[in-house]
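As a plain string of letters, each chain reads:
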Amino acid sequence: MQKTWRSHLLLAYSLVILAFLYVPLIILAMYSFNDSRINAVWTGFTFKWYEQLFDNRRVLEALINTLIVGVSSTVVSTTLGTIAAIALHKYKFKMQSAINGLVYLPILIPEIVMGLSLLVLFSQAQIPLGKGSLILAHITFCLSFVVITVGARLDGMRSDYEQAASDLYATPWQCFRYVTLPLIMPGIVAGALIAFTLSIDDFVISFFVAGPNSTTLPLYIYAMVKRGISPEINALSTLMMVVEIVLVILAELLQPSHKAKAEE
Amino acid sequence: MKNGKFLIAPSMLWLGFFFVIPMLIVVAVSFAARTPYGQVVFDWNLNNYIRFLEPLYLSIFAQTLLVALVTTVVTILMGYPLAYYIAQLPKRWQQPGLILCMIPFWINFLIRSYAWVIILRAQGVLNTFLLKAGFIDQPLQLLYNEGAVMLGMIYSLLPFMILPIYVSIEQLDRRLLEAASDLGAPPFTAFRKITLPLTMPGVAAGTILVFISSLGMFVVPDVMGGAKSALVGNLIQNQFLSARDWPFGSALSIVLAALSLLLIILYYRAIQAQNGGAENAKNVA
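Heads up: the sequence lines are chains A and B, in that order.
For reference, each letter of the first sequence is one residue, going 3 to 266 in my numbering.
For reference, each letter of the second sequence is one residue, going 243 to 527 in my numbering.
No lab work stands behind these hints, which were simulated from the structure alone.
Treat each hint with caution, since some may be false.
When the alpha-carbon atoms are kept at most 30 angstroms apart in a straight line, the in silico DSSO-like pairs for lysine-lysine are as follows [as the list claims (entries may be wrong)]:
(1) B:LYS470 <-> A:LYS228
(2) B:LYS435 <-> A:LYS228
(3) A:LYS228 <-> A:LYS50
Selected chain A positions facing chain B (Cβ under 10 angstroms, derived; list incomplete) [to be verified]:
(4) VAL77
(5) ILE114
(6) LEU131
(7) LEU145
(8) SER146
Yeah, the Cβ is synthetic: ideal placement off N, Cα and C, and Gly gets one too.
Looking at chain A on its own, in the form it has when it is part of the complex (with noise of 0.2 angstroms):
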């Protein structure tokens, strides 16, 4: 008697928590569809805010922007983070924990001061502020999540298959081309998709590297957001919302189980 009832409290509570993460996006997302622009008072249906947003010179621009700097700034850390991460399960290294380090840096470091260390060093180094710099500071970023994603799912790869093709007398890159790489590629898709996310979602290291033709998407939003209320920013938000979603959910479908995520 007594465990059920503490069971249903719990439940309760937690339904609750859920109830503060979720209600808010979902406010932010049904007045996308409100026909008021300035009161919080439902008026009727539209999709006009949408509809505005796709006849927006610069909201495009800022789309193409972002999604230049999230392909390329995936591809090039996807790369180096797959490598890296090769590297890391194969070897021993006499630096181990340095290297760790700098891997696990990054991302614990608050992003704030890793925007403005970059801001510093391009202008220094007397790199312009532009898609450039925006490409070069995102792959920074994402490079780690890749190296640890990747990681993940070798560290959760049984080594037989690899050693049997050795048996048998497959080269290295035999061995590498046709049994690793087919056994780690989800977790290369896994790893591009977060850094595709993170890139596209990015507002802070962006806001300190973009130049005045570089803007993205995030950034477009925060200059709305500091004129004022609009639903086309609710309209903008909620797209940005729904491709991250999906994006995310791929991303985890992939993943081996949270067993090996928890053990990364």
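Given chain A, put chain B in place with the hints provided.
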């Protein structure tokens, strides 16, 4: 692949050039001075750190620590029961439950703070509702104060707390609880004496993540806070983007980064001192 070890080089060089070197430059700039036009002049002095000790900046720093502390405590109180609930669900429900908690984590702070602006502003959802229902005749000032900033922080950082606690509860050896119950311990006693102490590493990991993230946060106070509720993050942002005082901004960020790293190091020490520390230390990330 005899020289396979070199495969690690491209990434390490990249991080060396775009992470380590920038940090070193920031350290150097923090000891520099600036000209009236905002130019950085390297003259190696401690003025920027001394300036940090002025009451105005110390009070912003104290305010930041207070917000971080409250955020951490509240996210533990909210996150622990939810993580516990998910961890004791049947296996096939655990992953969907966890994904549900993690989705907000992937939506950026900007959008999530803006969602609260829509709810809390003077003509917002909540005030409109309260006015219509006749509870108030004047809209309440719910935004642009310290309470709003704390709410925004708690809302933004809660997922950071849930994941590590979930991992530690999920890894708990259930046989210990069975043993306790066989020996006649009531469920709550078993929870207090076994589950809670053994899942403290998860709480500690969550605390580190939430505390450090709230120390450096500037989006939430920028969007939801007023001029008076500025935190260290906003102060740093101002030095770089409006005041053009990079040396002082650099000194502030070095203090922030050093404090964050100190907390992480303390955390690792504490975890390693415990039994099975090595296992848990891996879980922070």
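Okay, the hints, checked on the actual structure:
| no. | hint | verdict |
| --- | --- | --- |
| 1 | B:LYS470 <-> A:LYS228 | 17 angstroms, holds |
| 2 | B:LYS435 <-> A:LYS228 | 50 angstroms, violated |
| 3 | A:LYS228 <-> A:LYS50 | 22 angstroms, holds |
| 4 | VAL77 | 14 angstroms, violated |
| 5 | ILE114 | 5 angstroms, holds |
| 6 | LEU131 | 12 angstroms, violated |
| 7 | LEU145 | 6 angstroms, holds |
| 8 | SER146 | 8 angstroms, holds |
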